[in-house]
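For the record, the sequence lines run as chains A, R, P, D and L. Residues 901 to 1174 (the working numbering) are what the first sequence spells out, left to right. Residues 16 to 330 (the working numbering) are what the second sequence spells out, left to right. Residues 2 to 248 (the working numbering) are what the third sequence spells out, left to right. Residues 12 to 304 (the working numbering) are what the fourth sequence spells out, left to right. Residues 7 to 251 (the working numbering) are what the fifth sequence spells out, left to right.
Treat the hints with care, since some could be wrong.
Unchecked claim - With a Cα cut of at most 30 Å, we get these calculated BS3-like pairs of lysine-lysine:
| # | chain 1 | residue 1 | chain 2 | residue 2 |
| --- | --- | --- | --- | --- |
| 1 | D | Lys40 | P | Lys14 |
| 2 | L | Lys116 | R | Lys110 |
| 3 | L | Lys217 | L | Lys241 |
| 4 | L | Lys179 | L | Lys61 |
| 5 | D | Lys40 | L | Lys61 |
Just so you know, these hints were derived from the structure itself, not from any lab.
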Amino acid sequence: MPLDTSTYSLALLRIDGRRWNDLRRLHAQIHTQDAADGSSYLEMGHTKVMCVVTGPAEPQAGQKKGTVGSAQATGQKEGASIVVNVVVAGFSSVDRKRRGRNDRRIQEMEITIQKALAANLHTHLFPHSTITVSLHVLSQDGSLLAALINATTLAVIDAGIPMTDYITACTAGSTSSYAAGDDAADPLLDLNTQEEQELPYLTVGTLGDSDKVAVLVCESRVQVSRLEGMLVVGVDGCKQVRRLLDGIVKQKGRKMIKEGAVRRSDMMAVSLDD
Amino acid sequence: MLDDESVAQDEDDEDEEQGDARDEILTPGTVITSNSQWMRGHGTYVPLNTSSITSSLAGTLTRTNKLLSVRPLRARYNPEIGDLVVGRIVEVQAKRWRVDVAAAQLAILQISAINLPGGILRKRTETDELQIRSFFAEGDLLVAEVQQLHQDGAASLHTRSLKYGKLRNGVFVAVAGTGGGAGVVRSKRQLWTMEAANGGGKIDVLLGVNGYIWISKHIESDAAAEAAGINRMEESVSSQIYSSQNNHIDVTTMREIARCRSVILALVENGVKVDEDTVTRGYNEAVEFGRESMEDDIYLGGERGQRLAAALAGR
Amino acid sequence: MASPTAELSHLPKTDGSANFAYGGYTITAAVNGPVEAQRRDENPFEALVDVNVRPAAGVGGTGERQLEAILQPALRHLIPVRNFPRCVIQVTLQVMETPENAYVNPKVMQPRLNLGIIPALLHAAILGLLTAAVPMKTVASATCLVITDADGSSVKVDPTPAEIDQARSVHVLGFTAGRDLLLAESEGSFSADEWATVLQTAEKVCCRSQEAGGDAEMGGYGAESENVQQFMRSVLEAKAAEGLHWR
Amino acid sequence: MPREAEPSLSERTFTLQAISEGLRLDSRKLDQFRPLELSFGDEYGVADVKLGKTRVLAKVSAEVTVPFSDRPFDGIFQITSELGPMVAPSFEVNRPTETEILLARLLEKTIRRSGALDTESLCLIAGQKCWSVRVDLHILSADGNLIDSSCLAVVAALRHFRRPDTSIEGETLTIYTAAEREPVPLSWLHSPFCTTFDFFGEDGEIVLVDTTWLEEQLRVGSVTFSLNKHGEICQISKLGGKPVEATLIIQCAQMALAKSKEFTDLVDARLAEDAKRRDKGGLMAELSAENER
Amino acid sequence: MSSEPVFVLPGDHIDPSLIPSHPKKPVRLGPGLRHVPPSDLLPTLAGQLVTDRQKNAIRVETSNGRYIPRVGELVIGTINKSASEVYFVSLSDYTAPALLPQLSFESATKKTRPILAPGALVYARVTLANKHMDAELECVSASTGKADGLGPLVGGMLFTVSVGMARLLMMPKKAQQGKVVVLDELADAGLQFETATGRNGRLWVDSDSTKTIIVVGRAIQETDQKSLGADEQRKLVKKLIKELS
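The following block holds chain A by itself, in its conformation from the complex (with noise of 0.2 Å):
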């Protein structure tokens, strides 16, 4: 039993020592790939993810038609269009099992990523362009979902397409069981893969600082009571994680200032409230 839940009761400790509300290690770097517009790659515990992403740019030949894998966005015919590629490398997890392009549960994830970012990129600023994500799991512990957004956002900065906000995610569980009604339940942050083989976990993504539930998937059974508090403990982690996110990005941008690449800015922003 990977999480032995009356240890857990008694020391409030979870089975990587981490307390209820603990994220795990978040390492990510920004632009990591010198030939892309944009990269980044990211590790939430053992998850580790790469992106990369390409464009706005000119629509690759055979892109333009909506293929199999490839999320296509749908009604926005002004703005730029943007495909999403999840590849999962076979050695990612243990039981090594290659994932086809057509595995119906990665196809979801992309377009999960393509429509969350659809509505928070400003595509209309790129009429008649392709904003394509590629995304590469190394590795899985828990959480991929939640990992695979967080390295498209840092990407997508990295990229310079202009967006409303930050859009991070992150895992939030249960420890009761769905059956069991007990109140007594605590509800977990990020969880790892043998939390999420024994527990009911959901994975949420929000926008920036706020409140506001960009996505959100559970695949597991658990009583809507719990619903509330897993989101809000969800929501919470989001919350951190941005303030993680933005220190990478931050620091990518000073150490960028410092090199000369970039120009400083004219002036503070806190000055122009005045």
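Given the coordinates of chain A, assemble chains R, P, D and L onto it according to the supplied hints.
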């Protein structure tokens, strides 16, 4: 949980921030100002039901009178009228070419916007349209100027000057353009000729503002035509200018062209902007580096690149 | 055997649709067209007739593709395809119910061509085309017949699946209203004479309505078999009349 | 594939304007479903659902087969849903569209993954023989809200279905025809139902249920909840789209629960009616059989 | 006009007495009929055979199916995209677009032509309908240079009706024989609205009031889908008006 290292780094940065608040980086969703006297420019938006100018990019703030914009840390090239760009022909259509200039959309080059062999003032004929591929075919590289911008942001190019046209006798390098970040920046001269070391003769460096770069052997005849004055120039427009055949290039020249290319890539890798000054000085440094070893190594990756960047920063 | 039943234009999102049930088969036909053909299918001189048969259970396989291959040329002959160049007329035929014993393992049945279903598919398709107001040169009907050795050599019209299983040969023949042979598919062993009998019988079954007092003459073979062309006329006329009291 | 149909500017502007005034083109309230008709076929395991102009038909079939080697104690259960040109000329055979992928995933998560059907009960001889139950979902006409109507049709069809009775003596498996032994229902554990909420307005603050095709084209986002009447969430999908307030999502969950109870009652009622209808036939048959003697 | 409607199926024999035989005018074949040389006349649709002896015309009438453009008919189209000289206009979903020259508007010149965004609606007349070519449209009368009510339709709402209903709505009041009274009834009930009908089964309704547009749309669609008679239409209008207040 953050690892100790990055926490430590964060603290470092905070110290710096206090040192100079103009090092501040705006990120998407950051409110710049709620004061209504300012106008919003590129890289900003005003969220619904508010009057706050908010950043939509990661970058630094620029102010032009009352207009506030955010200059992105990095972005794709965004064409502006008058830009000197290097492009690659992607598609040949009936009366025009579609050219990759690293922008969001392919640029257009009309057949009426090029110099036709036999003089600028010659009237374009249907024969020209039929043999459109004899001027530029798919994959050809060219240098051109942005002539106008369409409503949707697509650019139209022209090559109606002897400075512009098909590119030969050199090597192509792609780096980031003027959209932001390290790469080519707009400067006084995008194109210059420099004396190569080790008897390599003269080489031309052409930094397209779109980040596409062409480094080639300098061909004297062009200069001669230039010197002959504008009228003669027109006459000298011969079918030669659309030749895809390289002139003879000495191995020594090739080595120096390659060295120059290494310098540019090393600059980009180490986050140094690419302009005439950095390239020229970097090249001179690289020549010195080369003298250190017998085999005159022109490779400038990794540590050697960092050394080069450090030498430039040291001034 | 029960009389055929039909429901017309019951799918509001299509240009034309019909639900046709007879002899245990229920087929829903949806027709869209003429619509723009895809670039790769485009024929500059005539319309493409795209027939798509979908089984009630399971995904379509070779059996369905073969049914499509039989129906497609038949329908193409009924439609003046040259009047709609660069277009496609889509006919989707969804099998809703079949008289098969539901508990017979369908996998065992699969390799066999299911001739018995063709008349129902054809009739549903024609009704669908007519409600979609796709111009047609004429209408047609088809019937299924078997030759059994049970009591000598006899021809039976509208056989049950069990009868088809035991038959020496199975035949499907379709005739236009003008008594032209539209389609003929046979399976099993039979002699040329037997086939002539089958042809004659099928023609009588399909085209009976045009002869006065034909029913009496039919006596011997499948008098119980409803005349489908007559049936189609009556349902379409009823549908037209429905609109009449206000049009 | 002809180009997808798209609403004109007038339709867009007017429909959105009406929604912002709290009006819908068919005069429904924002939180009101279209009249839902559920009927069963003569065969067992056929459910026909009509929701306005949307119409779906689910058909259940079962056969005896060999279980998967990695799951010797489980039967096989699959749901297939293919959108063909019957739905719209833009749907091509064998080229799944986004709608189709999402629908298939949703049914999979709601019904299969939530364990609505006890697959262990489908096992006949471990590792050798099991039932393979499949549901074929036929979309006959699509005018929005395919998800809710499809889920209801599949659940209703599975609950209506009867498989042949079997017996095992030693190594021999006997499958009885309907005439020999009355077919038996599947071992059904709980009935989850989907409710989709569609968001409109600049901030996604207006919520509609049971949207038509036109409304669906104009929505800025949507969330689908799958719940059973016991208040267990089986699945939630808000796959991107405009971000909406977390509190609104919680409200939607409560509405979904109420709706799920309604759907449960509807399916129960229709099943009871159908059973009554069949029983009458059964009784008559018995009587006539007795008369013959 | 023949008193008793005759129902025909494709390929049926047409009684010669039904074919108009005007001594001078040539016989005009409407939709649903084809001429097989030398002298056979065969229906191609299932519907009612309608003979107009004055015009020496004969046609088969159906109320459903897809719209096929014919010269001179008024249609409501949706702009798909604009090319350098023409707009591509969709007359029904999934069919090839028709062409509308950008200068084919009232007093349009290179400088003053209307700029129509994709999705905009136009009320236009079919000027070319040929099976081998894309249909062509105009929004101005070629002879008078006047728009005559044609041109862009701004605002309002578009409702889909059957082609049969569209044909009825476009008939002069007299010829229609009071079969569709629903619009008049709505107007009599005090609703203020404006409509334009396209033969391609599209009805455009505009009004200051959102509710009015919805009521008009529902009334006409319900009348069409349920084939309501005049009395039923009156009942429907009463019901809808009641809901309004």
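> When the hints from earlier in the document are held up against this structure, which numbers fail?
Replying inline: Violated hint (a single one): 5; every other hint is consistent with the structure.
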